[in-house]
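S.K.: As a plain string of letters, each chain reads:
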Amino acid sequence: MAKVVAVTGNEACANALRQVNPDVCGIYPITPQTDMMQRFASFIADGKVDTESILVESEHSSMSACIGAAAAGGRVITATSSQGLALMWEMLHIASGDRLPIVMPVVNRALSAPLNIHGDHSDAMGARDTGWIQLWSENGQEAYDNTIQAFRIAEHMDIRLPIMVCLDGFIISHSIERLEYLEDQQVKDFVGPFKNFLPLLDLAKPKSYGPLILTDLYHEYKRAQHEIMTKVKDVVLDVAKDFEKMSGRKYDIFESYRLEDADIAIVILNSAAGTTKDVIDQFREKGIKAGLLKPRLFRPFPYTEIADALKHTRAVCVMDRADSFGGYGPLFMEVSSALYQADTKPLMINKIYGLGGRDYLPSHAAQVLTELNEIAKSGSVKTVKEYLGARE
Amino acid sequence: MAETVEIRWHGRGGQGTVTAAKVLADACLSGGRHVQAFPEYGPERAGAPLRAYNRIASTELRMHCPVLEPDVVAVVDATLLDSINIAEGSKENTIFVINTTKDPKDIRAKLNAGPKQRVVTVDATKIAIDCFGRALPNSPMLGTVCKVTGLVTLEHLLDDVRKSFGKKFSQKIIDGNLEATKRGYEEVKEG
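Going down the list, the protein sequences come from chains U and P.
Per the working numbering, the very first residue in the first sequence carries number 12; after that it's consecutive.
Per the working numbering, the very first residue in the second sequence carries number 87; after that it's consecutive.
Calculated directly from the structure, the hints in this document are not laboratory data.
Accuracy of the hints is not assured; some may be wrong.
[Stated by the list, open to error] Derived pair list, reagent style DSS-like, types lysine-lysine, alpha-carbon separation capped at 27 Å:
(1) 254/P - 275/P
(2) 177/P - 297/U
(3) 59/U - 253/P
Please read all numbers here as calculations on a predicted model, not as lab measurements.
Looking at chain U on its own, in the form it has when it is part of the complex (with noise of 0.2 Å):
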């Protein structure tokens, strides 16, 4: 039976990986690591996993200590955010290149400088083409269901690939909320053990990971990374239809909400979305049709399938919880590279948003959604980019 529980976003992806009790954690334990390692390191201290932890001297370490775990055959795990993936950058390369399946929480924050550590996307976003699987969580309970998926997936042999799983930084990490935890028993057999690949540690069959590769075979080593993100969408609804079965909770690659016959969408990662799915219900009581696309794949980016999503529409806000400065938003490049391949098209504006923590209210919802509608009927744009709410 499933257990009721009101709390953080950390305490509920710490839980998860409680569950899992994976083999290896790698723990830099200083701010802006938030309390979920803290919380692990507790389970840890009263024997509740077997977990072994490796305390480090910082991320790039961290990430390095794990790396070297994985590679030997555990299964391993950390957790990061903001200044601390940055810091992770050159490892996360390597953790994908040598195709280890490490699971990583990573709590969005800002990046310095100035130094701010609020809920913001541009940590993760920065480490978009790492290699790395990225799934995206709303609220405490989907951080807490990806972060169990997540094994599964990344851990697939057709697959062998590190994921992250991403929350919004205070806004999920540190508020506390309704939500359902499984059986610890349900999560282990839904995890299932782990099946080592080409283990270090296996003696009698030496092998060594991530040697020099020169000209004659780098590129095809690359070309072959890409292929296997290829086949991780479809991992991803084998593994959300077995986790339907197990807990009620439908997952896809991507959240549609009142999409199917809208005129008008906002396409927005995390937590944002919850906020504006209650605004598009006001809309929708007025008359005016409005959608919502909500990625949970980021990285392997379903451009396809979001196309064909969105399409139909006649005008789509992308809205971006990070800068590419002196581009679009990372989000809003995606959208408008998977629109462009589309027959027929919407037209596109980009708002970032909700920067360094800034809140994000539903009065910035309904602003963009009155623009669209403007934009729907006008059949132009102004300004593709802006800053939403910005202060003059």
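Starting from the known structure of chain U, fit chain P onto it as the hints suggest.
M.R.: Relative to chain U, chain P alone:
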């Protein structure tokens, strides 16, 4: 009870305001309700003004932003009445719960409260000092909020206070807080 009850807490760092919001969320979990409890994070300093929020609803809570139009405003430190606008965004029928020694009629006048707005006071700091010797008014404030909102029964709230405080404190402190919560529930004045 309305479908969603939104509460905004005003306190100062170190008074247990955030804990109060957490305990209330936990207590309201019964009956299949959805809950949220979250503080406004800033530089965390003892004595600095802070806000915390609760949402309690019979349906899924999707809104993830601060409470802008509170049904209940709970002020854990009366000195805040002079420094910030605690009535910001209040509705026609908002309930104000104030920890103060003053008469509720005086507070009503100070807040310029409307005819349908309720103004409720409790001397939570004195209750806390009487019950466990420290000026930590959160547990009696919880009792008062519980009384005026009817969100949970007193017995249920006491169970949750026992659980939440039991993790951190000695039996003497727990008993003191239970007594304080009960007195907060009982010693409500309205004007």
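S.K.: Now look at each hint and say whether the structure bears it out.
M.R.: Hints, verified against the model:
1. 254/P - 275/P: It is violated: about 31 Å lies between the C-alpha atoms, which goes past 27 Å.
2. 177/P - 297/U: 23 Å, holds
3. 59/U - 253/P: 18 Å, holds
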